[in-house]
Amino acid sequence: MIRVQLPFHLKNLARIEGEVELELPAPVTIRAVLDAVEEKFPALRGTIRDHGTLKRRPFVRYFACKEDLSAEPPETPLPDEVVSGAEPFLIVGAMAGG
Amino acid sequence: MSSIRVLVGTKKGAFILTADGKRTDWKVSGPHFAGWEIYHLKGSPVDSNRIYASQSSGWFGQIIQRSDDGGKTWNTPGSSAEELKGPGGFPKGESNKFVYEGEAGTHQWYDGSQHPWEFKRIWHIEPSLTDPDTAYAGAEDAAIFKTTNGGKSWKELPGLRKVKGNLWQPGAGGMAVHTILLDPKNAKRIYVAISAGGCFRTDDGGKTWKPITKGLKSLYELPDPAAEVGHCVHRIALHPSKPDVLFMQKHWDVLRSDNAGDQWNEVSGDLPTDFGFPIDVNFNEPETIYVVPITSDSLHYPPDGKLRVYRSQAGGGEWEALTKGLPQKDCYVNVLRDSMAVDQLDKCGIYFGTTGGQVYCSPDNGNTWSAIAQHLPPVYSVEVQTLK
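Quick note, the sequences are listed as chains A and B, same order.
Just so we're aligned: 21 in the working numbering is position 21 of the first sequence, and the numbers increase by one with no gaps anywhere.
Numbers given in the working numbering equal positions in the second sequence, counted from 1, plus 1000.
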């Protein structure tokens, strides 16, 4: 089971509390997780990645196992700890408030 | 008895203010969408329970929200579980998908070079006068979009950007379609305004547009007196009984047109300054108009620290200051372009919000004012629903 943590505002938008839990077939990549999150919560489409291009929005970041995965290609497989559910995949609003 | 619902968009959420027709005892609900920028909310003229809201953030982009119960509950259109199960293939989470039609193209950048069109947010939503599922959205970078399914999906009316869009240039506040006016007597006629872009009209429902800027003078920004685009139009307004008469607050100058924008004439008259943002028309008096003079393009606050609404009962030219109940010293707020609205009661109510977080109401045509909300985040927009 994959665990995904959303930032405060996206949890509100998706109307959830706590983590998102996903069951995904291997290989579990950044793209596969984001696709599944958006499928489960259509209101989040366009808020993490742009519509159409699916590019990460500039002030959104991805982390897992204390590593910044934001600039990694979408096909990047996630660490085993994320795939096993031991560690969450974090979607974070960047510190850019000024 | 009639009642009033005031929809307030702010930098940190939306607020809904309600009162009965006396307009003296107000209740405030909110913040709705707390922490998000709410550029605009507006109710459908044919279904007062249907309200559209533009919610955005620098982090997470654009969201469209819709209420079908007068603002008690909200949903992103087309995203409910029931709709996603529909056999007809409802759009999935596309209520915030604003994609320019075809090749996005370029517009003028600050240094005179060409810059690609990039969608940033929706500044203004204008619901149809006849169909609650139809609405128009004014976008930054400047474009107009339309929905015919209650906001589930949006499609650009690309003809607007074909009117010398390559010459439009963002102003300091960005380059957005911030005003959309629908002609109540001609369903095919729509007006839009764009700061540092100009003013445009369509007579065929949005397929083709033409600039309506003859008579506008922008001597320093646009030395060419014949320039059709590039004028910094801050706001336009009309009265539903006389839709060919338009009023405009430009960057500098207050103007009117008596022929649907084909020719404009300045009516700044004896205003203390003709710089400002909003302009609106009394619901019961088509020649009574309101502006809020701001010191200058460099000093975005009222002259002398006195917050004064100016009213002309002659459609411009001669103006009187309305001050009773408004702060007359040490006031340095601004009133943004979408932050003034009127109700439809017999004694017209005038409303405006400030960047200092106050919302003021006059229940008597502007003669007296009181703050009906204070200490809100900076107010971006104010709309009023008259519930009968």
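Don't read these hints as lab results, they were simulated from the structure.
Among these hints, one or two may not hold up.
[Stated by the list, open to error] Pairs of lysine-lysine, PhoX-like flavour, derived with a Cα cap of 20 Å:
id : chain 1 : residue 1 : chain 2 : residue 2
1  : B       : 1012      : A       : 11
2  : B       : 1217      : B       : 1164
3  : B       : 1022      : B       : 1324
4  : A       : 55        : B       : 1146
5  : B       : 1207      : B       : 1155
6  : B       : 1027      : B       : 1012
7  : B       : 1347      : B       : 1022
8  : B       : 1347      : B       : 1388
9  : B       : 1162      : B       : 1210
10 : B       : 1097      : A       : 40
11 : B       : 1012      : B       : 1022
12 : B       : 1097      : A       : 55
[What the hints assert, rightly or not] Here are the simulated distance ranges between beta carbons:
id : chain 1 : residue 1 : chain 2 : residue 2 : range
13 : B       : 1375      : A       : 74        : 43 to 51 Å
14 : A       : 68        : B       : 1286      : 56 to 64 Å
15 : B       : 1101      : A       : 74        : 39 to 47 Å
16 : A       : 15        : B       : 1118      : 39 to 47 Å
17 : B       : 1011      : A       : 79        : 52 to 60 Å
18 : A       : 71        : B       : 1187      : 18 to 26 Å
19 : B       : 1186      : A       : 25        : 51 to 59 Å
20 : B       : 1221      : A       : 85        : 56 to 64 Å
21 : B       : 1214      : A       : 92        : 32 to 40 Å
On a predicted model such as this, the values are computed, not experimentally measured, just so you know.
By construction, the Cβ of each residue, glycine as well, lies at the ideal position given by its N, Cα and C atoms.
Status of the hints after comparison with the structure:
1. 1012/B <-> 11/A: Roughly 17 Å between the alpha carbons, so the hint for residue 1012/B and residue 11/A holds.
2. 1217/B <-> 1164/B: 19 Å, holds
3. 1022/B <-> 1324/B: Satisfied, since the Cα-Cα distance of roughly 18 Å is no more than 20 Å.
4. 55/A <-> 1146/B: Judged against 20 Å, a Cα distance of about 25 Å means the pair is violated.
5. 1207/B <-> 1155/B: Cα-Cα ~12 Å, so holds.
6. 1027/B <-> 1012/B: With Cα atoms ~19 Å apart, residue 1027/B and residue 1012/B stay inside 20 Å; holds.
7. 1347/B <-> 1022/B: 10 Å, holds
8. 1347/B <-> 1388/B: The given pair, whose Cα atoms are some 15 Å apart, holds under the 20 Å limit.
9. 1162/B <-> 1210/B: Roughly 9 Å separates the two Cα atoms, so the pair holds.
10. 1097/B <-> 40/A: 18 Å, holds
11. 1012/B <-> 1022/B: 29 Å, violated
12. 1097/B <-> 55/A: Distance of about 14 Å is within 20 Å: holds.
13. 1375/B <-> 74/A: 43 to 51 Å: 44 Å, holds
14. 68/A <-> 1286/B: 56 to 64 Å: 60 Å, holds
15. 1101/B <-> 74/A: 39 to 47 Å: Given a distance of about 27 Å, which is not inside 39 to 47 Å, the answer is violated.
16. 15/A <-> 1118/B: 39 to 47 Å: 30 Å, violated
17. 1011/B <-> 79/A: 52 to 60 Å: Check failed, 39 Å falls outside 52 to 60 Å.
18. 71/A <-> 1187/B: 18 to 26 Å: 50 Å, violated
19. 1186/B <-> 25/A: 51 to 59 Å: Between residue 1186/B and residue 25/A, where Cβ atoms are some 57 Å apart, the hint holds.
20. 1221/B <-> 85/A: 56 to 64 Å: Holds, at about 59 Å.
21. 1214/B <-> 92/A: 32 to 40 Å: 52 Å, violated
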